[in-house]
Amino acid sequence: MKQLEAFPRIPLAILPTPIYRLESISRRYGRNIYIKRDDMTGIALGGNKVRKLEFLLADAKAKGADVVLTAGGPQSNHAMLTAACAGKLGMKSILVLKKRGELAGGNLILDQIYHADVRFVDTDIYDDVYTEMERIMAELRSEGHVPYFIPVGGSVPLGCLGYVGCAREIAEQCQEMGIRFDSIVSATGSGGTYAGLTYGAKLFLPGIRSVGIGICDDPFADIALELMDGIRDLMDAEVSGEREDIHIEFEIGPGYAKPSPEGCAAVRRLARGEGILVDPVYTGKALAGFFRLLEEGYFEGDGDLLFVHTGGAGALFAVDLLPED
Amino acid sequence: MNLLELREMLSCFPKAPLALHPTPLHRLYRAEEALGYGPLWIKRDDLNGIGIGGNKVRNLEYLLGDAVSQGRRTVLVSGMEQSNLCALCAACCRRLGLDCAIVHNGARPDRPEGNALLNDILGAEEIYLGPVDEAERSKRVETLALEAERQGRAPYVIRNGASTAIGALGYVEAAAELAEQIAADSALSVLQTVCVPVGNGGLAAGLVYGTALLGRPFRLELISVEHELAPMRRNLLALLADLERLCGVRMPYTLEETAALRDAYRFGGWGIIDPAVEKFCLWFARTEGIFVEKVYTGKALYGVCDMVERGLFSGGVCYLHSGGIGALFSQYR
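Protein chains in written order, with my numbering: chain A, 1 to 325; chain B, 1 to 333.
To be clear, the hints were calculated from the coordinates, so they are not data collected in a lab. Please note that the accuracy of each hint is not assured.
Unchecked claim - Cβ-Cβ distance ranges computed for the label pairs, FRET-style:
| no. | chain 1 | residue 1 | chain 2 | residue 2 | range |
| --- | --- | --- | --- | --- | --- |
| 1 | B | 110 | A | 124 | 45 to 53 Å |
| 2 | B | 249 | A | 115 | 45 to 53 Å |
| 3 | B | 1 | A | 90 | 42 to 50 Å |
All C-beta atoms, glycine included, are put in the ideal place defined by N, C-alpha and C.
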């Protein structure tokens, strides 16, 4: 098996990110609940994507790219962080975002600060976005540029290595802190973080359950399995991801990127209980799903649990929360 | 005084642990490349893990520690609508199970943005006084505190933007934290200067006092974003005298022996946005991926980079990023 160190990586994040116990949430659920602060990676407003971009942008640099293209929704944290990290490495970025209707503020403000070339495609499906990206890339090539393509969420096996690394980091922190987790819970929007964490857990945190909370209705179990095969091949490893490693639950509410009462309540509960901010449509919904599972007794026994805060607070400033009851 | 003695002195004061300390200290490689000078470091007090982060959390650890030790239950804090202190105070109070009432001058916004939005999410009680000045606001806060006392709400008032001697203890501790980080990493042994923004002086006074007590392990550059030199100096000396009284330890070095005071980067003073600083904030975000907002951290960091370009430094330089990112979302459209 190849070590993670064998892959080119440009350090961009401040690592390791903190892990600590959530006092008021633990009290509420009568369980030791910890948080992993991947929102504190130190670039822009932080977030999980920085771990993936460390590998992806190293690859882009190695291939001589001068322009990075990626896609996402209009409040995409991934796209914003791609612009931030690419800019830091002296590369231009073009963000092709799918958009219906009007949505300003939040991460779009940050895109503007980062001087990203933002282009909107009036569509609901990524195939249209990718077609437009193909066209832009052909144009760039004809002008002598070298474009580098990163799909939605940076969710390709190479990007997932960032979260294999995160699982290893968690294992090291557990050893230092003298704790052991029964389950790790993370948000799943494009499957990459989840696949990386789940595969990394198999390698470095044996026996732990990795639970992904899907915030849109994509077939994440299949996506994660395919990505885990990709990671295995990339790392030249013996271990394969199995279907029984995959635990996907959904918390979509009225639809992708739309605020739900449960998500907004979870945002307020974490802010008011712990002083920690999450956005209402991504990490906030995953948190709502986590709270629901806790209430339903999904996590049997009394072992310690870890929630991974994957960031995205920028969207908080663009998506109106639903009013309180 | 050595580090242990300073830590021991601080441990005599009640403190509510709120932030993830130590905050990261890292190199600014891209800015070094662009400016042709190094090493440059940044101390990330914007990244302390509570709310959207920022320097006032250090002050609040000691102020709210004081409140809790006195059995106070309702914290009154005041500031402009986009006050970073107010939003952080609301977050910190939540963490400690205290009620928080925020008193703003100005009118209630139709659609809260930036820090005002965070106050909403945190569920703080928000009182808008309308168009009154800061002196009037302070008076009204004291009246509200008396009322709260009568109602049995056990109020605790955060005065002068948390820049009091007790609040400044947080930055006395930050001096110790920096000295510890320098001692733990041989690469940091060339760090000679630490640059900080100065508003009403709470952060700077605490750092000056701690740095002087430790025998000046580094030199401080205090960059005003608010007052001209004379009132800036007056504020700092008053806070330093308060700190000496509170801690019962005289400073072994004077203010000027510990720090250089600068007022060349005020750009018109408090809250005024200057196009050169705006441009600089964008440059820094695009160079390092790190945000600074336009009226506080942006001006001070502009000053640091300008002084680098003028060749005023020798040895390693560290900038203390004091946060304030919540306001960013009200500064751009």
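Q) So which of the earlier hints does this model not fit? A) 1
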